[in-house]
Amino acid sequence: GQQVMQIPQYQHVQEGEDFTTYCNSSTTLSNIQWYKQRPGGHPVFLIQLVKSGEVKKQKRLTFQFGEAKKNSSLHITATQTTDVGTYFCAARYNFNKFYFGSGTKLNVKP
Amino acid sequence: SAVISQKPSRDICQRGTSLTIQCQVDSQVTMMFWYRQQPGQSLTLIATANQGSEATYESGFVIDKFPISRPNLTFSTLTVSNMSPEDSSIYLCSVEEFSTGQYFGPGTRLTVT
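Order-wise, the sequence lines are chains D and A.
Each residue of the first sequence is one higher than the last, beginning at 22 in the working numbering.
Each residue of the second sequence is one higher than the last, beginning at 1489 in the working numbering.
What the hints contain is simulated information worked out from the structure, not anything from laboratory work.
Take the hints with a grain of salt, since some may be wrong.
Partial pick of chain D residues on the chain A-facing surface, computed with a CB cut under 8 angstroms [unchecked claim]:
{"id": "1", "residue": "Tyr31"}
{"id": "2", "residue": "Tyr43"}
{"id": "3", "residue": "Asn45"}
{"id": "4", "residue": "His63"}
{"id": "5", "residue": "Pro64"}
{"id": "6", "residue": "Gly106"}
{"id": "7", "residue": "Phe109"}
{"id": "8", "residue": "Tyr114"}
{"id": "9", "residue": "Asn115"}
{"id": "10", "residue": "Lys118"}
{"id": "11", "residue": "Asn128"}
{"id": "12", "residue": "Pro131"}
Not the full set, but computed from the structure, chain D residues with beta-carbon under 10 angstroms of chain A [as the list claims (entries may be wrong)]:
{"id": "13", "residue": "Val71"}
{"id": "14", "residue": "Ser73"}
{"id": "15", "residue": "Gly74"}
{"id": "16", "residue": "Tyr120"}
{"id": "17", "residue": "Lys126"}
The C-beta atom is built at its ideal place from N, Cα and C for all residues, glycine as well.
Produce the complete structure using the sequences and hints provided.
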């Protein structure tokens, strides 16, 4: 079946350092979505990328969609303790199917 | 964005019994999804429930085990039937509006003893 690989599994950073998580698919995606899940909470939608090579920014977060629409990244500049959580990508291959990556758990040390 | 509630928030059930989880949305939405998430793990799509049609199940999930109802555009139920300890998990419903992103309910934490 379809799979989307997400790395790294864990990332521990010092507050103020940058953080990046990557998602890769072996087949072309229709679009990709990113979510953040705080400990004990439910996933919260961050953004959706649709176009080849698309780059979107939300304050300190930068999201990219690869030219071939097979990979995506989320980059956080100057992490803060409020960024702690697990970040998931969700790959959409067709209208009704989402496949979530394994997630990257981010820990930020103050 | 849609506001979603789920009932119950958690339950402890005996093996062999069934539990029905309710998902209520504050607005009419076409697409609704049911997921399962083991603690510390990723989300696995169980099925897509669109109003007016039968639910579409993902590989590894069958209607006899996880029957779903979608009687209208604001409500859905997922039943976990003939439960075993392997069904212990968090069950989440989500909705998507205009293909712009999913909004999740708070989840139902199920423990089967």
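Enumerated hints in conflict with the structure, sorted upward: Hints 1, 2, 3, 6, 8, 9, 11, 12, 14 and 15 not satisfied by this model.
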